[in-house]
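Protein chains: 2
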Amino acid sequence: MLSILQAQEIIQSEFEKYYIADQPSELYDPINYILSLGGKRIRPALVLLANDMFGGDIDNAIKPAMGVELFHNFTLLHDDIMDKALLRRGNATVHTKWNDNVAILSGDAMFIKAYQLMVQCNPSILSRVLEIFNTTSLGVCEGQQYDMNFETRDDVTIDEYMKMIEYKTSILLAACLQIGAVIAGASLSNADLMYEFGKNMGIAFQLQDDYLDIFGNEANFGKEIGKDILSNKKTFLLLKALELAKGETKLQLEQWINAKSFNTNEKIKAITHIHKSLGIDKMTIDASNQYFSQALEALKKVNLDENKKEQLRLFLKSIQERNN
Amino acid sequence: MLSILQAQEIIQSEFEKYYIADQPSELYDPINYILSLGGKRIRPALVLLANDMFGGDIDNAIKPAMGVELFHNFTLLHDDIMDKALLRRGNATVHTKWNDNVAILSGDAMFIKAYQLMVQCNPSILSRVLEIFNTTSLGVCEGQQYDMNFETRDDVTIDEYMKMIEYKTSILLAACLQIGAVIAGASLSNADLMYEFGKNMGIAFQLQDDYLDIFGNEANFGKEIGKDILSNKKTFLLLKALELAKGETKLQLEQWINAKSFNTNEKIKAITHIHKSLGIDKMTIDASNQYFSQALEALKKVNLDENKKEQLRLFLKSIQERNN
Numbered sequence: 000m001l002s003i004l005q006a007q008e009i010i011q012s013e014f015e016k017y018y019i020a021d022q023p024s025e026l027y028d029p030i031n032y033i034l035s036l037g038g039k040r041i042r043p044a045l046v047l048l049a050n051d052m053f054g055g056d057i058d059n060a061i062k063p064a065m066g067v068e069l070f071h072n073f074t075l076l077h078d079d080i081m082d083k084a085l086l087r088r089g090n091a092t093v094h095t096k097w098n099d100n101v102a103i104l105s106g107d108a109m110f111i112k113a114y115q116l117m118v119q120c121n122p123s124i125l126s127r128v129l130e131i132f133n134t135t136s137l138g139v140c141e142g143q144q145y146d147m148n149f150e151t152r153d154d155v156t157i158d159e160y161m162k163m164i165e166y167k168t169s170i171l172l173a174a175c176l177q178i179g180a181v182i183a184g185a186s187l188s189n190a191d192l193m194y195e196f197g198k199n200m201g202i203a204f205q206l207q208d209d210y211l212d213i214f215g216n217e218a219n220f221g222k223e224i225g226k227d228i229l230s231n232k233k234t235f236l237l238l239k240a241l242e243l244a245k246g247e248t249k250l251q252l253e254q255w256i257n258a259k260s261f262n263t264n265e266k267i268k269a270i271t272h273i274h275k276s277l278g279i280d281k282m283t284i285d286a287s288n289q290y291f292s293q294a295l296e297a298l299k300k301v302n303l304d305e306n307k308k309e310q311l312r313l314f315l316k317s318i319q320e321r322n323n
Numbered sequence: 000m001l002s003i004l005q006a007q008e009i010i011q012s013e014f015e016k017y018y019i020a021d022q023p024s025e026l027y028d029p030i031n032y033i034l035s036l037g038g039k040r041i042r043p044a045l046v047l048l049a050n051d052m053f054g055g056d057i058d059n060a061i062k063p064a065m066g067v068e069l070f071h072n073f074t075l076l077h078d079d080i081m082d083k084a085l086l087r088r089g090n091a092t093v094h095t096k097w098n099d100n101v102a103i104l105s106g107d108a109m110f111i112k113a114y115q116l117m118v119q120c121n122p123s124i125l126s127r128v129l130e131i132f133n134t135t136s137l138g139v140c141e142g143q144q145y146d147m148n149f150e151t152r153d154d155v156t157i158d159e160y161m162k163m164i165e166y167k168t169s170i171l172l173a174a175c176l177q178i179g180a181v182i183a184g185a186s187l188s189n190a191d192l193m194y195e196f197g198k199n200m201g202i203a204f205q206l207q208d209d210y211l212d213i214f215g216n217e218a219n220f221g222k223e224i225g226k227d228i229l230s231n232k233k234t235f236l237l238l239k240a241l242e243l244a245k246g247e248t249k250l251q252l253e254q255w256i257n258a259k260s261f262n263t264n265e266k267i268k269a270i271t272h273i274h275k276s277l278g279i280d281k282m283t284i285d286a287s288n289q290y291f292s293q294a295l296e297a298l299k300k301v302n303l304d305e306n307k308k309e310q311l312r313l314f315l316k317s318i319q320e321r322n323n
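In order, the protein sequences belong to chains L and H.
All letters in the first sequence, in the order written, are residues 0 to 323 by numbering that gives the first Met the number 0.
All letters in the second sequence, in the order written, are residues 0 to 323 by numbering that gives the first Met the number 0.
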């Protein structure tokens with residue numbers, strides 16, 4: 000069976016051979032640029048993994064897998080404009096390196112290129128694959144919209160937050176596994192279970208990310224610790240703290256959130272302390288683990304030899320055990 | 000046979016019944032808004048007309064036809080951001096009424112909705128329809144990029160301009176006719192001839208538009224006369240004038256183009272005079288008519304009873320005779 004690492008390598012080498020077009024250069028250079036910045040290629044690798052699990056021929060899955068990766072990068076390109084992000088994978092974002100117009104239009108072109116790859120699957124399952132892909136893509140846009148709305152709202156509930164991360168992050172991972180299964184000819188119920196697996200894994204992953212931003216080891220996590228705290232980002236932890244804090248703790252929390260000027264280390268330390276005192280670190284890990292368990296449950300229900308599920312189980316384990 | 004007017008009415012009534020979604024409202028309200036601003040629905044009507052010509056069932060063509068219209072409106076939405084346009088069909092553009100981020104993301108969602116409609120055609124021709132649609136969409140993006148590039152270039156040739164309008168405007172009209180034919184089960188060569196018809200008609204239409212901006216009757220044309228002149232827009236007429244003008248005329252032309260402050264009526268009058276003195280009004284009409292003839296030639300070659308081509312011929316005639 001194909002391992003996730005092997006699948007990532009296959010996808011990477013396919014992208015090295017992938018030629019988009021060269022004229023007009025303002026349209027195509029940014030696409031080549033963002034693809035050259037790398038990334039882990041997890042989504043397309045999951046398409047290949049699922050396809051392999053159900054005995055599919057890899058040649059039928061590679062193009063749609065690359066399509067999903069192009070779609071993902073297209074969303075990053077447009078999200079970076081909306082978020083006014085300066086850096087992507089340690090390099091200048093497209094709208095910074097070129098300008099907003101170039102980023103809008105080359106993003107649109109990238110989305111079309113994603114479809115051009117996506118439609119290169121067996122005609123007998125094309126309708127089904129596109130149905131999944133379209134529903135998922137629209138959901139990802141909805142997730143991004145909710146995320147932007149949350150920035151200016153101060154009544155976001157945990158339920159709303161869970162829905163947002165499900166849409167923005169996890170349904171695309173879910174769809175990758177489902178599409179891979181469909182391409183391999185898996186039954187409807189098996190393909191749906193793969194989606195369930197991916198959805199739960201994605202939510203677990205995002206909760207972990209929220210946790211690691213505060214409680215991760217800076218060297219291992221690879222990102223600056225406490226960035227979410229400094230930007231008052233409405234993560235699972237902050238929303239939970241706002242829900243549970245009472246009296247003096249609540250006042251302190253609100254003071255830190257509303258403070259216009261502050262020492263960054265002090266703010267991180269204070270909020271981390273509040274989270275710990277409320278037991279939110281443990282709650283977040285528990286919530287994340289619950290979704291990991293649900294992912295495993297879905298995988299168990301997949302009607303397939305257990306040994307064929309091994310690579311996906313190993314992948315899930317590696318995610319659950321990550322500290323970065 | 001279905002007339003273009005009947006086809007437009009059918010599409011319009013389908014759009015009145017079309018429900019997108021309502022939450023998140025920032026994502027879907029702008030889509031409903033731009034669709035409510037109307038427009039002639041020419042593109043989807045051409046899908047229906049071509050489908051009808053080849054004896055196709057209208058029920059198979061309506062959804063893809065609407066998909067093309069959604070795609071067209073999506074391009075307007077994003078183009079308006081890039082062009083910083085304030086008005087669309089006499090109303091505030093989406094990025095003005097909301098903001099750039101809303102316009103970017105709701106545009107993306109609209110593009111996905113276009114695909115969702117597009118894929119609702121017979122699975123046996125789905126690959127072919129999507130191949131045409133994807134190639135065309137990408138071409139439209141290329142056309143928009145060339146158009147933006149031209150704004151800051153002063154060495155644009157007539158050939159480059161012809162390619163730009165072909166991509167930006169005419170290939171989508173061409174694809175509508177081709178897709179309609181494919182849905183009805185037309186032969187490959189007939190469908191290709193329909194594309195040829197549409198492409199030439201689109202180019203002819205755009206050249207007419209360039210002409211009418213200067214030589215149209217203001218009341219009939221429905222737009223302000225001379226807008227292209229005032230913005231130094233590199234139309235067929237200006238590029239031809241720059242190519243042909245010599246000596247004193249050339250100097251005058253360049254002075255008007257480079258003038259930072261001027262009386263608008265005087266500029267319009269002077270450039271119009273230069274165009275007339277160089278015979279550019281007639282040249283533009285001749286060029287446009289040549290493309291109209293090529294469209295008719297393609298239609299003649301379509302292997303079908305002549306009476307079935309009547310509605311499309313009438314439509315072409317109505318375009319050619321328009322003065323607005």
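It should be emphasised that the hints constitute simulated quantities derived from the structure, not laboratory data.
Hints should not be assumed to be uniformly reliable.
[As the list claims (entries may be wrong)] List time: in silico DSS-like cross-link candidates among lysine-lysine, alpha-carbon distance up to 25 Å:
no., chain 1, residue 1, chain 2, residue 2
1, H, Lys239, L, Lys83
2, H, Lys226, H, Lys239
3, L, Lys96, H, Lys266
[Unchecked claim] One side of the interface only, derived from the structure: several residues of chain H facing chain L at Cβ under 7 Å:
no., residue
4, Tyr18
5, Leu26
6, Pro122
7, Leu125
8, Gln144
For each residue, glycine too, the CB sits at the ideal point set by N, CA and C.
- Which of the numbered hints above does this structure break? The structure conflicts with hints 1, 3, 4, although it agrees with all the remaining ones.
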